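Respectively, the protein sequence lines represent chains F and G.
Here the first sequence is numbered in my numbering, starting from 1 and rising by one per residue.
Here the second sequence is numbered in my numbering, starting from 409 and rising by one per residue.
Please keep in mind that the hints were generated in silico from the structure rather than gathered at the bench.
On a predicted model such as this, the values are computed, not experimentally measured, just so you know.
For each residue, glycine too, the CB sits at the ideal point set by N, CA and C.
Take the hints with a grain of salt, since some may be wrong.
Partner residues are not named here, just some residues of chain G that face chain F (Cβ under 7 Å, in silico) [stated by the list, open to error]:
#1 Ser464
#2 Ser466
#3 Pro469
#4 Thr480
#5 Ala492
#6 Arg494
#7 Val498
#8 Asn746
Label pairs and their computed distance ranges (CB to CB) [claimed, not checked]:
#9 G:Ala695 <-> F:Arg120: 30 to 40 Å
#10 F:Arg120 <-> G:Val522: 18 to 28 Å
#11 G:Glu584 <-> F:Ala119: 44 to 54 Å
Number of protein chains: 2
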Amino acid sequence: MAVIVQKYGGSSVANAERIRNVARRIQRAHAAGNQVAVVVSAMGDTTDELIALAASVSANPDPREMDLLLSTGEIVSCTLVAMALRDMGVGAVSMSGEQAGIRTDRLHGKASIVALDPARVRYELDQGRVVIVAGFQGVNEEMDVTTLGRGGSDTTAVALAAALGASLCEIYTDVEGIYTADPRIVPTARKLTELGYEEMLELASYGAKMHPRSIELAAWYKIPVLVAHSVKDAPGTLIHDIAGGDGVEITKKVRGVTYEKGVARITVRAVPDRPGIAASLFDPLAAAGVSVDTIVQNASAERLTDLSFTVDKVDLHRALDVVRPVAQQMGAKDVVSNDSLGTVSIVGTGMQNAPGYASTMFRSLADAKINIEMITTSQIRITCIVGEAQVPAAVRALHKAFELDAAS
Amino acid sequence: MAVIVQKYGGSSVANAERIRNVARRIQRAHAAGNQVAVVVSAMGDTTDELIALAASVSANPDPREMDLLLSTGEIVSCTLVAMALRDMGVGAVSMSGEQAGIRTDRLHGKASIVALDPARVRYELDQGRVVIVAGFQGVNEEMDVTTLGRGGSDTTAVALAAALGASLCEIYTDVEGIYTADPRIVPTARKLTELGYEEMLELASYGAKMHPRSIELAAWYKIPVLVAHSVKDAPGTLIHDIAGGDGVEITKKVRGVTYEKGVARITVRAVPDRPGIAASLFDPLAAAGVSVDTIVQNASAERLTDLSFTVDKVDLHRALDVVRPVAQQMGAKDVVSNDSLGTVSIVGTGMQNAPGYASTMFRSLADAKINIEMITTSQIRITCIVGEAQVPAAVRALHKAFELDAAS
Chain F
1 MAVIVQKYGG
11 SSVANAERIR
21 NVARRIQRAH
31 AAGNQVAVVV
41 SAMGDTTDEL
51 IALAASVSAN
61 PDPREMDLLL
71 STGEIVSCTL
81 VAMALRDMGV
91 GAVSMSGEQA
101 GIRTDRLHGK
111 ASIVALDPAR
121 VRYELDQGRV
131 VIVAGFQGVN
141 EEMDVTTLGR
151 GGSDTTAVAL
161 AAALGASLCE
171 IYTDVEGIYT
181 ADPRIVPTAR
191 KLTELGYEEM
201 LELASYGAKM
211 HPRSIELAAW
221 YKIPVLVAHS
231 VKDAPGTLIH
241 DIAGGDGVEI
251 TKKVRGVTYE
261 KGVARITVRA
271 VPDRPGIAAS
281 LFDPLAAAGV
291 SVDTIVQNAS
301 AERLTDLSFT
311 VDKVDLHRAL
321 DVVRPVAQQM
331 GAKDVVSNDS
341 LGTVSIVGTG
351 MQNAPGYAST
361 MFRSLADAKI
371 NIEMITTSQI
381 RITCIVGEAQ
391 VPAAVRALHK
401 AFELDAAS
Chain G
409 MAVIVQKYGG
419 SSVANAERIR
429 NVARRIQRAH
439 AAGNQVAVVV
449 SAMGDTTDEL
459 IALAASVSAN
469 PDPREMDLLL
479 STGEIVSCTL
489 VAMALRDMGV
499 GAVSMSGEQA
509 GIRTDRLHGK
519 ASIVALDPAR
529 VRYELDQGRV
539 VIVAGFQGVN
549 EEMDVTTLGR
559 GGSDTTAVAL
569 AAALGASLCE
579 IYTDVEGIYT
589 ADPRIVPTAR
599 KLTELGYEEM
609 LELASYGAKM
619 HPRSIELAAW
629 YKIPVLVAHS
639 VKDAPGTLIH
649 DIAGGDGVEI
659 TKKVRGVTYE
669 KGVARITVRA
679 VPDRPGIAAS
689 LFDPLAAAGV
699 SVDTIVQNAS
709 AERLTDLSFT
719 VDKVDLHRAL
729 DVVRPVAQQM
739 GAKDVVSNDS
749 LGTVSIVGTG
759 MQNAPGYAST
769 MFRSLADAKI
779 NIEMITTSQI
789 RITCIVGEAQ
799 VPAAVRALHK
809 AFELDAAS
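Next up, chain F with everything else stripped away, as it sits in the complex (with noise of 0.2 Å):
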């Protein structure tokens, strides 16, 4: 008998009316003869309002208080899910991730999963019920409740279908699949029918509805994933191992375009050139919880050097606090910053061993009058920095120009 895991977000469980629509489709899926465990989020803006009474009694909460305080937004949708399909017949029992046997390690309000034992919820689907767990939550070795942080659902899903070795892990979100770019600035844009893992987590990481580190469980344990519409009945996008060759050929080299806007970048001028002051730059910024995205160091004459890296724009000004006394230190010349920018990719695993890509995203935004301020690549990705008003415009081109756009 095959075990499907499907996961549920916040917005699909906002209201009874929505619980009664995901029990039916959890219905559904159990009557077709399947094993069903199912993970959900908190209802709709639940976590939010636990943040701001948290905010209400503590300048600063402590991050052990704060998880078992935000696990309890799960606990609520989990039960409210079990009921509502105990209410229609279908035998149902909701867990805690402690209940599920899901551990993590100690790293409060982001820890990661390190072994989830998955007896008691094969128990109960051997039993013929449905196990409605409860996402974003575990327990360390304390035994103390921690939490996985935003889009941790998608990790939970993941990590119990690898436990279970279910066939399938379905992602029923408010978005009917991944598209190749955001339908609201390229009305063209196609929903994808299927994406290998190493193209999603690209995607994932630049703007596409998932969370990167769930992409990473997939790949490794190879669940598929359907990501789809938890209301609609329109078929999803399939997330599988593409690379694997069932049968499948990539004919559009490039998957998607993706951007993101918010983006600020901090340049240090003329930084005299000499091993280690890169270390001590970003050091004190991971000690002060700036995450640092994008780095270029210019080579330079003169063993003077220019070194720029991008930070999300909320973080700018404790970056600039950060960075300016070290730039200083090290007798830089002194210290930029822009926070108008925005980055704009195209992904797709067929960009591995094809050239002419980058020349082409190049020239394409070259065409559209779109200054390129920086550049980052991995193997399957194109990343331009481009200005924030300019992010539309840019997309758009790429997404013409790789011929992504929807057969008329």
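Since chain F is already given, all that's left is putting chain G on it; use the hints.
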């Protein structure tokens, strides 16, 4: 170092301001050199809101799911109190019932504590931290969350006090203590300075604010319990082992007058009197979940007897549905009922070996033109069932007759 357990009810933690107030009170007890463990109820109307949420997805929510759902209310409040304490610089850690070592039987919705292993609580106390425990909950053998029923947080507090060998269990609530009578009915009612366990048990069973099971537990383990106001700094009422006789002289033999409204009576008339008739009636009532209170069976001539008993008014129709067919089978003449009754009781340990209290009570009620419908007694209590409309007058008459009025 003395261990103190404090318990705060839902109204005491209903919002951020009250939570900070509670934290300040805890801080004072901690700063005074005590080891402090705290039990909290869910914020304000949280439990009712969660029950409504369950009702919105299921006509008949599963008890196991309901318990896991309801348990989140106390988790939220205990984490918030811990955060507020940390914000004041007091080391504090919250714990679920499970983490606090509270094991119960499997009776979801009204579980009983069967064991309490305070190892983790004690460890944290020994580190100098305040421990905030979620009231009202525990886990059963299957590690499923159970709840102890309404008022269960009192029981959590006393059980924790017993397990820790606490010198005092403080129950903070929205009243200043235990009164000789309800001050809304008897303006001259006095707050009692102290009270014996048995007296409190009778008062708690008949209207006063504390869960009877928690009093039984306190009596068993001889834990002194202070009932006091969570905001005002007025001295409360100390419930302790008065009978143990540490120099306390009991001058007033009657300690208080309590009452209930909403009482209904069912009378099965002219039943052929043979062994087993009580069982044939009360077994099906118990199976139907109807709680029976006072039972009176009249001795009779001609082998016929009248059997009367009281139930909560809201259960009357359900009870009649059970009783009528049984009465017919027994050959009873008929079944009559009255749904407008109440009780009035006098309570006091000093009554045990002293005569004349009953006659004073009956005479006072007769003087006030109040008809007595039924009478029931315990070792330290006499209860009269009277018309519901006459309850306030009865309470005032008895409060005066037994000289409980405050010295003016």
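These are the hints, each one checked on the structure:
1. Restraint check, Ser464 (chain G) versus chain F: the minimum CB separation of about 4 Å is within 7 Å; hint holds.
2. Residue-level restraint check for Ser466 (chain G) holds (minimum Cβ-Cβ distance to chain F is 4 Å; threshold 7 Å).
3. A cut of 7 Å between beta carbons decides the hint on Pro469 (chain G): the least distance to chain F is about 5 Å, and the hint holds.
4. At a threshold of 7 Å, the smallest CB-CB gap from Thr480 (chain G) to chain F is about 4 Å, leaving the interface hint in force.
5. About 4 Å separates the beta-carbon of Ala492 (chain G) from the nearest beta-carbon of chain F, less than 7 Å, and the hint is met.
6. A distance limit of 7 Å between C-beta atoms decides the matter here; for Arg494 (chain G) the minimum to chain F is near 5 Å, and the interface restraint holds.
7. Checking Val498 (chain G) against chain F: minimum C-beta separation of about 11 Å lies over 7 Å; hint violated.
8. Hint status for Asn746 (chain G) relative to chain F: violated, with the closest Cβ pair at about 38 Å, above 7 Å.
9. At roughly 32 Å, the beta-carbon separation of Ala695 (chain G) and Arg120 (chain F) lies within the given 30 to 40 Å, and the hint holds.
10. Distance hint for Arg120 (chain F) and Val522 (chain G): a CB-CB separation of about 22 Å, consistent with the stated range 18 to 28 Å.
11. In this structure, Glu584 (chain G) and Ala119 (chain F) meet the distance hint of 44 to 54 Å, their C-beta atoms being roughly 52 Å apart.
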